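*Asks:* Numbering (the working numbering), first residue to last: 1 to 118.
Hints were generated in silico from the structure; no laboratory data involved.
Given the structure is predicted, the values throughout are model-derived calculations rather than measurements.
For every residue, glycine included, the Cβ atom is placed at its ideal position computed from N, Cα and C.
Among the clues, some could well be false.
As the list claims (entries may be wrong) - Restraint-style ranges between C-beta atoms, simulated for each label pair: (1) P20 <-> R50: 18 to 26 Å; (2) L12 <-> M65: 50 to 58 Å; (3) L3 <-> L24: 26 to 34 Å; (4) I16 <-> K95: 45 to 53 Å; (5) K43 <-> Y10: 43 to 51 Å.
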Amino acid sequence: MDLRTSLRTYVLRAAIFALPVALLFLGLEALQRYLPGDYPAKKAGLEARRGEIETLILGSSHSYMGIAPQALHGEAYNLAFTAQTLYFDQFLLEKYLDSLPRLRRVILPVSYISYGAE
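The task is simple: from the sequences and hints, build the whole structure.
*Replies:* See below:
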């Protein structure tokens, strides 16, 4: 067996091995799109209660873990999420501001981490 034949055999075997692995990863990636996640749950919760919300909480994990909406006066909703940047907070506020008729307060904690992200 010469070098060219052994190289061709190696490439063929590697491709035969890699194809099912690649198909498995592609299948798992496609399946993951249909699994419920935190973002769709937050969106559904906000849209279901948008007529009642008086306080909207934005921010990163400090707000997400550190502010309990049930401890605030009136109806509050925590739209904060881990590693959420100020840019995304602004985007969410602008997107939902007109659809929250009873909104009176927006809580946006800013920490030293907020300035390091875009």
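*Asks:* Each hint needs a verdict: does it hold in this structure or not?
*Replies:* Do the hints match the structure? See the list:
1. Between P20 and R50 the beta carbon distance is about 46 Å. The supplied range of 18 to 26 Å is therefore violated.
2. Hint check: L12 to M65, Cβ distance near 52 Å, so the stated range 50 to 58 Å holds.
3. The beta-carbon spacing between L3 and L24, approximately 32 Å, falls within the hinted interval of 26 to 34 Å.
4. A beta carbon spacing of about 48 Å between I16 and K95 agrees with the range 45 to 53 Å that was offered as a hint.
5. Roughly 49 Å separates the CB atoms of K43 and Y10, a value that falls within the hinted 43 to 51 Å.
The structure fails hint 1 only (numbered hints given earlier).
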